[in-house]
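Student: These are the residues of each chain, in order.
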Amino acid sequence: MINEWVVYLLFAAGMFFLGLYCLLTMRNLIKLFIGIEIIGKGVSLVLLSTGWARRSIYLAQSLVVTYIVIEVSLVATALAVIINLYRANQSLDIRKLTRLKG
Amino acid sequence: MIFLYIGLPLAVAAVLPLVGKASKRVLPDFLSNAVLLGLLVYATTGARALLAQGPIVQQVRWLGEAVNIRIALDGFSLFMLMTIQLVSLCVGLYSINYMEHYGAKANYYALLLVMVAGMNGLVLSQDLFSVYIFLEVAAVASYALVAYGLGAEELEASFKYLMLSVVASAAVLVAIAILYGMTGALGFDAVADGLRLLDANAVVGVAAALFLMGFGLKAALIPFHAWLPDAHPSAPAPISAILSGLLIKVSGVYAIARIFFHVLGMTPALSQVLMWLATVSIVVAAFLALGQTDMKRMLAYSSISQVGYVVLGIGLGTPLGVAGGLFHLLNHAIAKSLLFFTSGSVQQATGTRNLDEMGGLAKKMPWTAGTNLVGSLSIAGVPPLGGFWSKLIIIMALIQSGEWTLAVIAVLASVLTLWYYLILQRKAFFGKLAERWTMVKEAPFWMTAASVILALLVVGVGLWFAVVFSSWVQPAADALAKGF
Amino acid sequence: MTFQIILLVALLLASAAAILAKDLLKSAIALAVASLLLEIIFFQMGAPYAGVFEISVVAGLITVLFMLTIALTKQGDDIRESKTVKIIFPLFFIVFALIDFLVMRGILARIPALEAAAETGTFGDVLWKERSFDLVGQVAVILAGVFAVLALFRKRDHHD
Numbered sequence: 001m002i003n004e005w006v007v008y009l010l011f012a013a014g015m016f017f018l019g020l021y022c023l024l025t026m027r028n029l030i031k032l033f034i035g036i037e038i039i040g041k042g043v044s045l046v047l048l049s050t051g052w053a054r055r056s057i058y059l060a061q062s063l064v065v066t067y068i069v070i071e072v073s074l075v076a077t078a079l080a081v082i083i084n085l086y087r088a089n090q091s092l093d094i095r096k097l098t099r100l101k102g
Numbered sequence: 103m104i105f106l107y108i109g110l111p112l113a114v115a116a117v118l119p120l121v122g123k124a125s126k127r128v129l130p131d132f133l134s135n136a137v138l139l140g141l142l143v144y145a146t147t148g149a150r151a152l153l154a155q156g157p158i159v160q161q162v163r164w165l166g167e168a169v170n171i172r173i174a175l176d177g178f179s180l181f182m183l184m185t186i187q188l189v190s191l192c193v194g195l196y197s198i199n200y201m202e203h204y205g206a207k208a209n210y211y212a213l214l215l216v217m218v219a220g221m222n223g224l225v226l227s228q229d230l231f232s233v234y235i236f237l238e239v240a241a242v243a244s245y246a247l248v249a250y251g252l253g254a255e256e257l258e259a260s261f262k263y264l265m266l267s268v269v270a271s272a273a274v275l276v277a278i279a280i281l282y283g284m285t286g287a288l289g290f291d292a293v294a295d296g297l298r299l300l301d302a303n304a305v306v307g308v309a310a311a312l313f314l315m316g317f318g319l320k321a322a323l324i325p326f327h328a329w330l331p332d333a334h335p336s337a338p339a340p341i342s343a344i345l346s347g348l349l350i351k352v353s354g355v356y357a358i359a360r361i362f363f364h365v366l367g368m369t370p371a372l373s374q375v376l377m378w379l380a381t382v383s384i385v386v387a388a389f390l391a392l393g394q395t396d397m398k399r400m401l402a403y404s405s406i407s408q409v410g411y412v413v414l415g416i417g418l419g420t421p422l423g424v425a426g427g428l429f430h431l432l433n434h435a436i437a438k439s440l441l442f443f444t445s446g447s448v449q450q451a452t453g454t455r456n457l458d459e460m461g462g463l464a465k466k467m468p469w470t471a472g473t474n475l476v477g478s479l480s481i482a483g484v485p486p487l488g489g490f491w492s493k494l495i496i497i498m499a500l501i502q503s504g505e506w507t508l509a510v511i512a513v514l515a516s517v518l519t520l521w522y523y524l525i526l527q528r529k530a531f532f533g534k535l536a537e538r539w540t541m542v543k544e545a546p547f548w549m550t551a552a553s554v555i556l557a558l559l560v561v562g563v564g565l566w567f568a569v570v571f572s573s574w575v576q577p578a579a580d581a582l583a584k585g586f
Numbered sequence: 587m588t589f590q591i592i593l594l595v596a597l598l599l600a601s602a603a604a605i606l607a608k609d610l611l612k613s614a615i616a617l618a619v620a621s622l623l624l625e626i627i628f629f630q631m632g633a634p635y636a637g638v639f640e641i642s643v644v645a646g647l648i649t650v651l652f653m654l655t656i657a658l659t660k661q662g663d664d665i666r667e668s669k670t671v672k673i674i675f676p677l678f679f680i681v682f683a684l685i686d687f688l689v690m691r692g693i694l695a696r697i698p699a700l701e702a703a704a705e706t707g708t709f710g711d712v713l714w715k716e717r718s719f720d721l722v723g724q725v726a727v728i729l730a731g732v733f734a735v736l737a738l739f740r741k742r743d744h745h746d
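Each protein sequence line maps, in turn, to chains A, B and C. So the first sequence is residues 1 to 102, counted in our numbering. So the second sequence is residues 103 to 586, counted in our numbering. So the third sequence is residues 587 to 746, counted in our numbering.
No wet-lab data here; the hints were simulated from the structure. In this text the structure is predicted, and so the values were computed from the model without any measurement. One thing to keep in mind: the hints can contain errors.
Said to hold, decoys possible - BS3-like cross-link-like pairs, simulated, lysine-lysine; straight-line CA separation at most 30 Å:
#, chain 1, residue 1, chain 2, residue 2
1, C, Lys741, C, Lys660
2, C, Lys612, A, Lys96
3, B, Lys123, A, Lys96
4, B, Lys466, B, Lys584
5, C, Lys672, B, Lys465
6, C, Lys741, B, Lys262
7, C, Lys672, C, Lys741
8, B, Lys529, B, Lys466
9, A, Lys96, C, Lys741
10, A, Lys96, C, Lys660
11, B, Lys543, B, Lys465
12, A, Lys96, C, Lys715
13, B, Lys262, C, Lys660
14, B, Lys543, B, Lys529
15, B, Lys529, B, Lys126
16, C, Lys672, C, Lys660
17, B, Lys262, C, Lys612
18, B, Lys465, B, Lys534
19, C, Lys715, C, Lys660
20, C, Lys608, B, Lys262
21, C, Lys608, C, Lys660
22, B, Lys465, B, Lys529
23, C, Lys669, C, Lys741
24, B, Lys262, C, Lys715
25, C, Lys612, C, Lys715
26, A, Lys96, C, Lys672
27, C, Lys741, B, Lys126
28, C, Lys608, B, Lys123
29, A, Lys96, C, Lys608
30, B, Lys534, B, Lys466
31, C, Lys612, C, Lys672
What the hints assert, rightly or not - Ranges of calculated distance between the beta carbons of each label pair, as one might list FRET restraints:
#, chain 1, residue 1, chain 2, residue 2, range
32, B, Thr507, C, Thr706, 53 to 59 Å
33, A, Arg87, C, Ile592, 39 to 45 Å
34, B, Trp521, C, Ala657, 40 to 46 Å
35, A, Gln90, C, Gly707, 53 to 59 Å
Positions of the beta carbon are idealized from the N, C-alpha and C atoms, including for glycine.
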């Protein structure tokens with residue numbers, strides 16, 4: 001069981017890397033948030049495969065369900081911030097977010 | 103019924119928008135402040151008497167049947183609850199006047215109450231996954247509150263804060279999943295018991311590193327601090343106060359302390375890492391604060407530096423160090439909220455946060471200037487105010503355990519703190535009054551009242567520090583140290 | 587396990603496509619595809635409830651939210667992502683995958699043997715009876731999200 005758990009962890013770490021790479025290099029605000037979503041998918045994979053490896057799949061499922069609810073409310077908030085930013089700047093470019101420096 | 107700390111703010115927040123339809127200002131003001139006042143009174147009187155019999159684990163009953171909601175209250179969580187309720191109440195009072203021109207007050211108070219409920223839930227839960235949930239509850243509410251002004255600057259700060267904070271939460275959740283995988287449990291005690299039976303140092307090390315990164319980011323320890331100097335100054339003043347005064351401490355310092363002491367166990371290596379992270383934060387942030395001309399930005403850097411002191415005390419791990427760290431947490435929560443309040447009053451009266459443009463405001467805003475002075479001196483560690491005693495205890499604890507280098511650094515950084523707070527005083531409140539400020543008026547009643555209450559508390563904690571220390575801080579430190 | 591690994595690789599590819607796609611709409615669709623794959627993985631692990639949630643909420647609702655946002659912000663200037671980012675991506679990814687593989691293999695040897703007791707009851711029992719506190723947390727987080735959206739889209743009649 002542990003061997004297979006580690007395989008899932010390996011791929012989840014891959015998702016984490018993809019998300020972080022996106023966060024560090026991309027310029028479009030929506031793209032950045034897609035990176036966050038990919039990290040989130042990696043995390044739910046970790047949670048569920050952990051529960052699976054421990055043979056407590058029901059508990060893991062209930063954790064993942066809660067996690068998804070949290071994710072939805074986070075996504076709604078973040079996209080609302082992004083839309084407002086677009087209205088304020090007429091752009092989604094991260095390079096134009098330079099008001100705060102120092 | 104300690105579940106009230108979570109249930110009551112949530113219930114009131116849920117009905118506030120409806121109430122807001124009937125009465126735009128008065129009822130939301132009254133209702134939310136009444137809730138916070140009630141919870142504060144309960145924390146200082148009722149819950150304390152309950153605690154006299156030892157830690158409480160409460161099972162909630164719903165329609166006569168026991169529901170599996172188990173929340174626990176011990177000295178440490180009670181201390182945090184009291185601090186949360188105290189600062190939130192003052193924030194609520196201050197908002198009565200300050201949030202007037204932002205509009206949608208009912209919505210604002212609803213978010214504030216949800217955030218308070220999130221922090222209370224974090225402090226009361228005794229299960230790793232619940233810690234994560236309430237961390238997110240408080241965080242989601244805080245993203246919206248930072249952006250509440252809807253100006254480009256606020257939105258930008260909120261977006262940056264959100265991005266970094268989400269990564270931090272993800273790291274925390276992965277660490278929780280790892281511990282769950284190791285022990286098959288999520289409760290604090292069960293995980294701690296499970297880890298004691300296992301020989302899994304490598305895996306626990308990975309989890310500790312992830313926790314440190316996640317909570318370190320929430321607590322804005324250097325090098326994880328990048329979001330704070332943007333987010334805290336951009337938010338409306340009461341929100342800056344609650345973020346700097348409470349949120350970074352509850353979702354950062356409290357979580358670090360609780361998990362490292364009660365779940366993972368404080369190892370010497372962990373203690374060293376925490377202490378050095380804290381020391382770097384203290385020194386670097388103090389130097390960065392020195393160079394600021396934006397008043398709220400200076401205060402934000404000062405928060406990073408002072409949270410460093412708190413983590414330094416707790417990271418030291420000796421009973422005296424932990425007690426000093428927690429005492430500094432209380433002092434900083436009160437004084438920093440006060441400073442953000444006064445900076446908000448100044449900003450509202452003059453329309454600027456730039457220190458170079460101010461000057462001589464003490465003549466026009468005596469209450470604001472006076473309370474600001476009290477807060478500054480307390481954080482800078484001038485006797486006999488609260489901040490002096492807590493820094494003294496931390497430094498004594500460092501010397502007691504032979505950490506001379508860190509003690510010297512802590513003392514020197516404290517001098518630096520005094521220096522930049524004197525710069526702030528001189529530039530903003532003393533000196534010659536510029537001509538453009540001759541029409542400036544003192545802040546409205548509730549804003550002044552909230553600042554005065556906090557200033558009195560700063561002085562009170564300083565004068566009766568022995569009482570406060572023995573009745574609130576010592577039980578908290580004992581509860582924290584009991585784990586290991 | 588082979589089937590699982592194929593699915594996991596596909597999941598990674600879909601995520602990479604979501605990041606590297608030029609068009610935002612295509613990114614959102616790739617993200618939905620990644621959700622679908624994740625859902626199949628969940629089913630394979632015997633977690634139908636989590637799978638259903640993943641498919642209805644993440645692949646459905648969140649994708650719709652993304653599309654809505656993309657539509658609302660369409661008139662913006664064309665943001666060109668830097669080309670080098672995409673060119674060096676495979677290099678970085680291979681380096682990371684190697685490190686990841688070595689670290690995980692190292693960890694594998696250090697994980698102590700875990701005995702796992704089979705679970706009793708049903709999913710409903712666990713969610714409603716064991717994890718009831720999480721439900722309070724869910725209510726709180728939904729409230730936070732709703733108020734956040736209301737606050738961010740409120741009419742700004744009073745603001746200066």
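Student: Compare the structure with each hint and give your call.
Tutor: Status of each hint after checking the structure:
Of the pairs offered as hints, the one joining Lys741 (chain C) and Lys660 (chain C) holds, with about 22 Å between alpha carbons and a cut-off of 30 Å not exceeded. For the suggested pair Lys612 (chain C) and Lys96 (chain A), the alpha carbons sit about 24 Å apart, so the restraint of at most 30 Å is met. At roughly 38 Å between alpha-carbon atoms, Lys123 (chain B) and Lys96 (chain A) are farther apart than 30 Å, so this suggested pair is violated. Annotation: proposed proximity of Lys466 (chain B) to Lys584 (chain B) is violated, straight-line Cα distance about 51 Å (limit 30 Å).
Between Lys672 (chain C) and Lys465 (chain B), the direct Cα distance comes to roughly 60 Å. Violation of the 30 Å bound is thereby established for this hinted pair. Distance hint between Lys741 (chain C) and Lys262 (chain B) is fulfilled; the C-alpha atoms sit about 24 Å from each other, no more than 30 Å. Between Lys672 (chain C) and Lys741 (chain C), the direct Cα distance comes to roughly 41 Å. Violation of the 30 Å bound is thereby established for this hinted pair. With a CA separation close to 14 Å, the supplied pair Lys529 (chain B) and Lys466 (chain B) stays within the 30 Å bound.
For the hint linking Lys96 (chain A) to Lys741 (chain C), the alpha-carbon distance of about 25 Å falls within 30 Å, and the restraint holds. Simply put, Lys96 (chain A) and Lys660 (chain C) have alpha-carbon atoms about 17 Å apart, close enough for the 30 Å limit, and the pair holds. Using a Cα cut-off of 30 Å, the hinted pair Lys543 (chain B) and Lys465 (chain B) holds, with the two alpha carbons roughly 10 Å apart. Simply put, Lys96 (chain A) and Lys715 (chain C) have alpha-carbon atoms about 49 Å apart, too far for the 30 Å limit, and the pair is violated.
A distance of roughly 22 Å separates the Cα atoms of Lys262 (chain B) and Lys660 (chain C); the hinted pair therefore holds under the 30 Å criterion. The straight-line distance between the Cα atoms of Lys543 (chain B) and Lys529 (chain B) is roughly 18 Å, inside the 30 Å bound, and the hint therefore holds. About 38 Å separates the Cα atoms of Lys529 (chain B) and Lys126 (chain B), which puts this hinted pair outside 30 Å; it is violated. Restraint check for Lys672 (chain C) and Lys660 (chain C): the C-alpha separation of about 23 Å stays at or below 30 Å, so the hint holds.
For the hint linking Lys262 (chain B) to Lys612 (chain C), the alpha-carbon distance of about 25 Å falls within 30 Å, and the restraint holds. Taking the CA atoms of Lys465 (chain B) and Lys534 (chain B), the gap is near 9 Å; set against the 30 Å cutoff, the hint holds. Distance restraint check for Lys715 (chain C) and Lys660 (chain C): the Cα-Cα separation of roughly 46 Å exceeds the 30 Å cut-off, and the hinted pair is therefore not satisfied. This hinted pair checks out: Lys608 (chain C) and Lys262 (chain B) have alpha carbons roughly 23 Å apart, not beyond 30 Å.
In summary, the hint linking Lys608 (chain C) to Lys660 (chain C) is supported, as the alpha carbons are separated by about 14 Å, within the 30 Å threshold. With a CA separation close to 13 Å, the supplied pair Lys465 (chain B) and Lys529 (chain B) stays within the 30 Å bound. Between Lys669 (chain C) and Lys741 (chain C), the direct Cα distance comes to roughly 40 Å. Violation of the 30 Å bound is thereby established for this hinted pair. This hinted pair does not check out: Lys262 (chain B) and Lys715 (chain C) have alpha carbons roughly 38 Å apart, beyond 30 Å.
For the proposed pair Lys612 (chain C) and Lys715 (chain C), the alpha carbon gap of about 41 Å is over 30 Å, so the pair is violated. Distance check on the hinted pair: Lys96 (chain A) and Lys672 (chain C) sit about 21 Å apart at the alpha-carbon level, within 30 Å; holds. For the given pair, Lys741 (chain C) sits about 14 Å from Lys126 (chain B) by alpha-carbon distance, which is consistent with the 30 Å threshold. For the given pair, Lys608 (chain C) sits about 45 Å from Lys123 (chain B) by alpha-carbon distance, which is inconsistent with the 30 Å threshold.
Taking the CA atoms of Lys96 (chain A) and Lys608 (chain C), the gap is near 20 Å; set against the 30 Å cutoff, the hint holds. A threshold of 30 Å between alpha carbons decides the hint, and for Lys534 (chain B) with Lys466 (chain B) the separation of about 12 Å falls inside it, so the pair holds. Taken as a hint, the Lys612 (chain C) and Lys672 (chain C) pair is honoured in the structure, with Cα atoms around 16 Å apart against an allowance of 30 Å. Separation of Thr507 (chain B) from Thr706 (chain C) is about 56 Å and conforms to the stated range, judged on CB atoms against 53 to 59 Å.
A beta carbon spacing of about 44 Å between Arg87 (chain A) and Ile592 (chain C) agrees with the range 39 to 45 Å that was offered as a hint. Taking 40 to 46 Å as the suggested C-beta distance range, the pair Trp521 (chain B) and Ala657 (chain C) does not conform, at roughly 53 Å. With their beta carbons about 55 Å apart, Gln90 (chain A) and Gly707 (chain C) fall inside the hinted range of 53 to 59 Å.
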